[in-house]
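Starting from the two chains in their separate frames, assemble the complex, guided by the hints.
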Amino acid sequence: MKFKDHVKEGLLTKNPVTVQLLGMCSTLAITTSLFNGLGMGLAVTVILICSNVLISALRNFIPSQIRIAAYIVIIAGFVTIVDLILQAYLQELSESLGVFIPLIVVNCMILGRAEAFASKNGVLASALDGLCQGFGYTVALVVVCVIRELLGSGTFGGGILNNGEGIRIIPQGFPAMQMVMPVGGFLALGFVIAGSQWLMRKLEHRKKDKEAVR
Amino acid sequence: MKQESVVKYILRLALTLLLITGVVAAALAGINSITAPKILENQQAKIRAAIQTVLPEANISGEVAFTDATGLVKTVYGSDKGYAVEVAPVGFGGDITMLVGVSHEGKILGVAVVSQTETAGLGAIVAADSQAGQSFRDQFVGLSGTLAVEKDGGEIDSVTGATITSRAVTDGINAALSCVADLEKVG
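Those protein sequence lines, which keep their order, are chains A and B.
The letter at position 171 of the first sequence is residue 171 when you use our numbering, and the numbering goes up by one with no holes.
The letter at position 22 of the second sequence is residue 236 when you use our numbering, and the numbering goes up by one with no holes.
Derived by calculation from the structure, the hints in this document are not laboratory data.
All residues carry an ideal CB built from backbone N, CA and C; glycine is no exception.
Mixed in with the good hints, there may be bad ones.
What the hints assert, rightly or not - If you anchor each label on the Cβ, the simulated ranges turn out as follows: (1) R201/A x E369/B: 48 to 58 Å; (2) V400/B x C25/A: 41 to 51 Å; (3) K8/A x E218/B: 38 to 48 Å; (4) G244/B x V7/A: 47 to 57 Å.
Said to hold, decoys possible - If you want the footprint, here are the derived chain A segments under chain B, 3+ residues with CB under 8 Å: (5) 58-67; (6) 175-185; (7) 205-212.
Next up, chain B with everything else stripped away, as it sits in the complex (with noise of 0.2 Å):
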C-alpha cells in the first residue's frame, strides 16, 4: 500500500468523523421537527389536565402577573374560584413541575404533578395515578399557612422512601401558598 502523507490521513480520520456526525445531526433533525410540535403539544395537554384537576369546574381567566421570593413559581393561571399555581421544586433526580390550586382564602384545592424525573417506585409514586400517589396529593386539600413533612416535625405524611421527595412538593406548595397571600394581598 502507499504510504499515506500525514496530513492525509489526519484529513481521512477528521473528515469521516465529520461525515458520520453530520449525517447522524440531520437525521436528528428531521426527527425532532417531526415530535417538536408533538412533544410541546402533550405538555400543554398536561398542563391544561392538571389545571382541571386542581381548579375543578373553574373559568380559567389567563395568566396572572406574581411576585415571588422563592423563585419556584413559574406560571400562575387565575380563574373564579382561585388560582392555579405552576411551581417547579427540586426533587431527588430534577425539578418537579406541578400545579397547586389555591382559593382566594389561600386554602389548597388541589395538588397535580406535570412532569418529574425522580426514582421510579419511590419518588416517582407522588405523580402517580395509583392509590398511594392519590392519597399522598390529597392530604394537601383544604390545608393553608405553611406546611412541613413529619420528618421536619409537620402534618405531611412523606411517601415512604422518598422523603426529600415529599418535602420538595412541600417546599413547591408553600411556594404557591405564599405567592398566593401576596396576590391576595395586593388585590
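Next up, chain A with everything else stripped away, as it sits in the complex (with noise of 0.2 Å):
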C-alpha cells in the first residue's frame, strides 16, 4: 500500500472516529477545547505507533492464542509510560485529560489495529498505518473539538490560545453550554460523521466521472 493511500484511509475512508467509530469514550469526553483534542490526539498516535511497531516486531514471537492478552499488556505499558512522562513534565495536560490517558489502554482504536493491522504486516508498514491512523484520528477530535468549543464556550483555541482563555468569538451570555455537556458530544459527533459521509461520497462521484469521460 502506498503512503498517499494510508493517508487517505487513515484521514477518511477508515478515519477510526467517524467510519469505524472506535474510541468513542474519549472522543465524545474530552473534545471540549482545542488543547484537549489535540493533547489527546497527540498520546493516542504515539501509543498507537509504539505499540504498532513493539507487535509487528513480536508478531511471530506471540502465539495466536494468548495475543490479545500480550497486546493488551504491551499497549497498558505504553499508555502508562505516557501517562508519567505526561504527569512529570506536562503537569497541565495530564491533569486537563484527567483520567482518559489511562483509559487510552481500552481504546478499541489500538487493540483494533494491533489485531487488523500490525499482527499481519512488518515493523515500517506498521509504523506508517499508526501514524496515519492517529493522524485521522487527531482529525477528527479536533473538528469535534473546534465545534463544541465555539458553539458551547463561544471560544476558539481553548487552552492554548491567550493565555488559555481562547479568542472569544460569541459573546459571553450567548453560547449554548449543552455543546460541551456530553449531549452535545453526541451532537457534534453526528454532524461529523455526516459531514466525513458526504464528503466521501462527492470524491466517490468525482472519481466516477472522471473514469466516465475516459
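Take a look at the structure:
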C-alpha cells in the first residue's frame, strides 16, 4: 500500500472515529477545547505508533492463542509510560485530560489496529499505519473540539491561545452550554460523521465521473 | 509438525506471556524511577504555590495538629496570618484536593485547587486560571460560618453545569472553616 493510500484511509475512508467508530469514549468526553483535542490526539498517536511497531516486531513470537492478552499488556505499558511522562513534564495537559489518558488502554482503536494491521504486517508498514490512523483520530477530535468549543464556550483555541482563555468569538452569555456537555458531544459527532460521509461520497462521484469521461 | 504435549503447550503460552509481562513491568519500573521524583516535586511545588495564593505574604510556621469530624481535612499549615487548610472533598469525578486560607477570626482569605479530576470544561472550571474559575474561587473570600450553594439555599454561585463540583468545593471549605474554629477555640 502506498503512503498516499495510508493517509487517505486514516483521514477519510477508514477514519478511526468517523468510519470505524472506535475510541468513542474519549472522543465524546474530552473534546471540549482545542488543547484537549490536540493533546489527546498526540498521546494516542504516539501510543499507537509504539504499540503497532512492537506488536508487529513480535508478531511471530506471540502465539495467536494469547495474542489479545499480550497486546493489552504491551498497550497498557505504553499508556502508563505516556501517563507518567505527562504527569512529570506536561502537568497541565495531564490534569486536563485526567482519567482519559489511563483509559487509552481500553481504546478499541489501538487494540483494533494491533489485531487488524500490526499483527499481519511489517514493522515499517505498521508504524506508518499507526501514524496515519493516529493522524485521522487527531483530525477528527480537533474538528469535534472546534465545533463544541465554538458553540459551547464561544471561544477558539481554548487552553492554548490567548493565555489559555481562547479567542472569544461569541460573546459571553450567548454560547449554548449544552454543547460542552455530553449531549453536545453526541450532536457534534453525529454532524461530523455525516459531513465526512458526504465528503467521501462526493469524492467517489468525482472519481466515477472522471472514469466515465475516459 | 511434531505434536506438542499438553503440558508443553500450556507452559509455552504461559511462559511467553510471563516474559512479555515481565519485560513491560521492568520497563515501567525504570520509567517510574525517573518520573516519580519529578511528579512528587511537581505536587509539592503546586501545594507551596497554593499556600502562597491562599495566604499571601504569610510566614508559614509548619504543620499544625488538628481535629476534624468530617474526614475531609488532610493537613493544616499554620502561619502568622492564619491557617492554610488542605481539604479533599469528593467531587463529580474523584477527590478535589484544595487549600483554603482561613484567618484567625475564621474568615476565608483565599481558595486554591491543587488537583482535581472533574469534567473538562465544566467542573474543571473551579480549578481553572480563567476568569470564570477566578471569580468562582474569589466569591468565597471574606465569608465565614457555614456556606451552601444557591441550589441548597445558600449564597454561593455554582459553576454553570457543575453543581456537584461546586457543592464539593463548598463542603471542603466548610470543613476547613469548622476545623479552624475548633483550633482557635482550643488555642
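Right, here's what the structure says about each hint:
Against the hinted window of 48 to 58 Å, the Cβ-Cβ separation of R201/A and E369/B comes to about 56 Å, which satisfies the hint. The hinted window of 41 to 51 Å between V400/B and C25/A holds, with their beta carbons roughly 49 Å apart. For the hinted restraint 38 to 48 Å between K8/A and E218/B, the CB-CB distance of approximately 44 Å keeps it satisfied. Distance hint for G244/B and V7/A: a CB-CB separation of about 35 Å, inconsistent with the stated range 47 to 57 Å.
Beta-carbon proximity to chain B at under 8 Å applies to 6 residues in the region 58-67 of chain A; the threshold of 3 is reached and the given coverage holds. Counting residues of the region 175-185 of chain A whose CB lies closer than 8 Å to any CB of chain B gives 3, which reaches the minimum of 3, so the coverage claim holds. Check on the region 205-212 of chain A: 0 of its residues sit with their Cβ under 8 Å from a Cβ of chain B, so the three-residue criterion for coverage is violated.
The structure fails hints 4 and 7 (numbered hints given earlier, in ascending order).
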